[in-house]
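Please model the entire structure based on the sequences and the hints provided.
For the protein sequence lines, the chains are A and B, in the order given. According to our numbering, the first sequence is numbered sequentially starting from 1. According to our numbering, the second sequence is numbered sequentially starting from 1.
Don't read these hints as lab results, they were simulated from the structure. Do not take every clue at face value.
[Claimed, not checked] Residues on chain B that point at chain A, a partial pick, calculated with CB under 7 angstroms:
(1) F50
(2) A76
(3) M78
(4) I82
(5) P87
(6) V93
(7) A101
(8) C102
(9) L170
[Said to hold, decoys possible] Under the rule of at most 25 angstroms between Cα atoms (straight-line distance), these lysine to any residue pairs were calculated in the SDA-like manner:
(10) A:K400 x B:N108
(11) A:K400 x B:R91
(12) B:K150 x A:D373
If you're wondering where the values come from, they're calculated on a predicted model, not measured in any experiment. Just so it is clear, CB atoms sit at the ideal spot from N, CA and C, and this is done for glycine as well.
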Amino acid sequence: MNQTDISKNYQEKAKAAIDKTAALGDDIDITKFTSDNANHAYQEDPSQLDAEAKKHMLDAGIMLDDPSQRSGTYIQMDNTPIHSSVTQDGVEVMPVSQAMEKYDWLSDYWWNAVAVDQDKYTANIELNQYDGYFIRALPGQKTVFPVQACLYLAKDKLVQNVHNIIIAEENSEMHIITGCTTASQEESGLHLGVSEFYIKKGAKVTFTMIHSWSPETAVRPRSGVIIEEDGLFMSNYVLMKPVNSLQMNPLARCIGKNATARFNSILVTGAGSSLDVGSRVILDAEGSRTEIISRAITTGGYITARGYIEGNAPGVKGHLECRGLILGEKGGIHAIPELKGNLAGIDLSHEAAVGKIAEEEVEYLMARGLTRDEATATIVRGFLRVDIEGLPPLLADELKRAVEASEKEVM
Amino acid sequence: MLKIKNLSVAVEDKEIIHNVNLTIKNGETHVLFGPNGAGKSTLLMAIMGFPKYRVTGGSITFKGKDITHLSVDERARMGIGISFQRPPVVRGVTTRDMMAACLQERGNGDKIIELAAKADLNDFLERDINYGFSGGEIKRSELMQLLAQKPELTLLDEPESGVDLVNIVLIGELMNDLLEKNCPILQRKCMGLIITHTGHILDYVNARTGYVMFDGTIGCVGDPHEMLATIREKGYEECINCYLGRVPWHESD
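Laid out in structure tokens, this is it:
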């Protein structure tokens with residue numbers, strides 16, 4: 001099939017799926033949002049963006065005033081890429097539309113880790129394709145500073161369609177921070193994002209996603225990850241501020257021997273919010289491993305925290321940990337850990353716990369002189385502390401900052 | 001000074017302690033003996049002020065102030081500290097976090113390291129508090145936290161239980177520090193109230209007053225070493241028989 005036929009094929013599949021309700025999450029009426037793109041000018045120097053936008057971006061981990069702290073930057077405002085640059089050799093960052101023109105082979109990666117007809121949201125992205133980011137680490141290249149990508153919703157009632165491709169070539173190492181945020185806390189919007197990750201043999205990617213949406217935003221990310229032999233994909237997700245509705249359930253497939261996938265999610269939400277967030281890992285190759293850790297706190301909203309591990313090869317190992325804390329009288333958490341083993345000699349386990357803070361723990365800290373509020377805050381901080389192995393200090397600090405900010409939201 | 005007057009305490013509507021009187025002067029350490037279920041732990045928990053232990057009568061005065069209705073944290077900040085017998089695991093809260101909470105303004109990271117070295121718990125500072133700790137490690141950790149908290153009144157519930165012979169020496173040393181054993185008597189300010197079953201701990205602390213508790217009341221008051229000898233020889237029964245029917249001297253004033 002030539003390029004035109006491939007593209008036509010995707011369009012047809014998308015058209016067939018345009019009304020297909022997603023398997024999980026509240027059904028969002030896409031027609032309530034506008035697809036009319038607002039024009040935003042290209043910014044050669046992103047530090048010249050207006051102060052308020054920069055502040056929102058900084059809250060989501062995007063640093064524009066000190067380029068030396070990042071090896072590359074991509075910014076998309078609504079549906080327009082307004083900046084892309086690299087400051088280090090060995091990494092490529094550009095709008096995916098530009099990358100498609102530059103590399104013929106990129107079509108092999110297009111709708112390969114995520115199905116175009118998964119649901120109406122993926123279909124909508126294909127049919128209203130604007131742009132997204134292309135981030136690639138070249139073979140054997142190890143970047144010290146993270147690449148940052150910002151997806152920014154500026155226009156009210158807009159549907160933001162994003163399609164991202166991330167490729168870590170053989171034996172490369174790359175850290176990515178994606179910050180998603182909005183210009184206003186009052187405006188509504190719909191963010192639809194497809195991200196397809198390809199982790200080649202021996203490559204390592206840490207992907208840290210910080211969501212700082214408004215309470216009126218609906219969010220439907222669709223991510224797929226393919227990990228080859230000895231590859232490592234580590235996802236760290238922090239939901240800092242309550243959103244109206246968020247549903248995502250990324251799928252990682254370990255297809256090469258000893259491939260590893262790790263997902264850490266920190267979800268903090270309040271009244272009026274509905275989250276359905278999970279991570280799925282399929283261990284298809286011998287010796288592949290995974291760890292899924294999720295921490296959820298609600299002060300009034302409803303959270304479904306999912307995890308799914310499937311073992312299909314000898315010697316695979318997986319562990320799933322879902323812990324939820326309900327603060328306050330209202331709100332709920334539904335933890336759904338699932339394990340599926342399809343042969344002998346696999347090692348899959350899970351632990352899940354949902355509840356309120358144990359009074360015994362609060363009193364223990366109070367007996368050391370902390371007030372009830374201080375004791376509760378210390379326990380919440382501890383609950384949200386997820387020790388992430390192998391995270392470079394810079395990234396660990398930024399993640400800590402994001403978690404501390406989410407703590408403030410909840411306390 | 002700690003002064004407990006006619007104290008009665010109930011747990012879930014059942015009165016466990018009846019009309020207990022007890023006074024600990026500055027610099028003194030007192031010891032509580034008694035069979036299981038006598039109400040010893042309940043008395044300690046009520047002095048610390050845990051809400052589950054409800055005072056139904058009498059009063060607790062500490063440093064001249066009536067603290068009967070103060071909260072746990074208010075009492076802790078006034079200078080009362082307790083070592084828990086079975087403290088909870090608090091996931092995500094490290095031993096270092098607990099030490100920082102105990103120290104407040106009294107020290108920094110260096111102080112934490114110094115105290116951890118003293119308690120032989122350097123490798124535990126980054127671990128979740130009490131998570132996977134052995135019996136001896138829990139006891140040492142509790143005493144280390146109290147050393148950071150520096151209470152004027154220390155309440156210890158069986159500090160030697162579940163501890164091996166090597167650990168007990170170290171625990172004894174930590175208690176000495178806490179209760180200022182090496183300080184001249186007149187300069188000693190810290191007070192202690194210790195529950196013990198085995199009495200091993202008497203080798204390490206300067207306790208001159210002991211009580212036998214039975215069925216929620218305090219019976220015998222006397223030299224703890226003598227009491228321990230009687231209990232060891234004749235059991236609690238004898239002790240109880242000895243005081244039944246007579247008013248202990250400390251309650252007669």
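List of violated hint numbers, smallest to largest | Numbers 3 and 9 - these are the hints that the structure violates, sorted from lowest upward.
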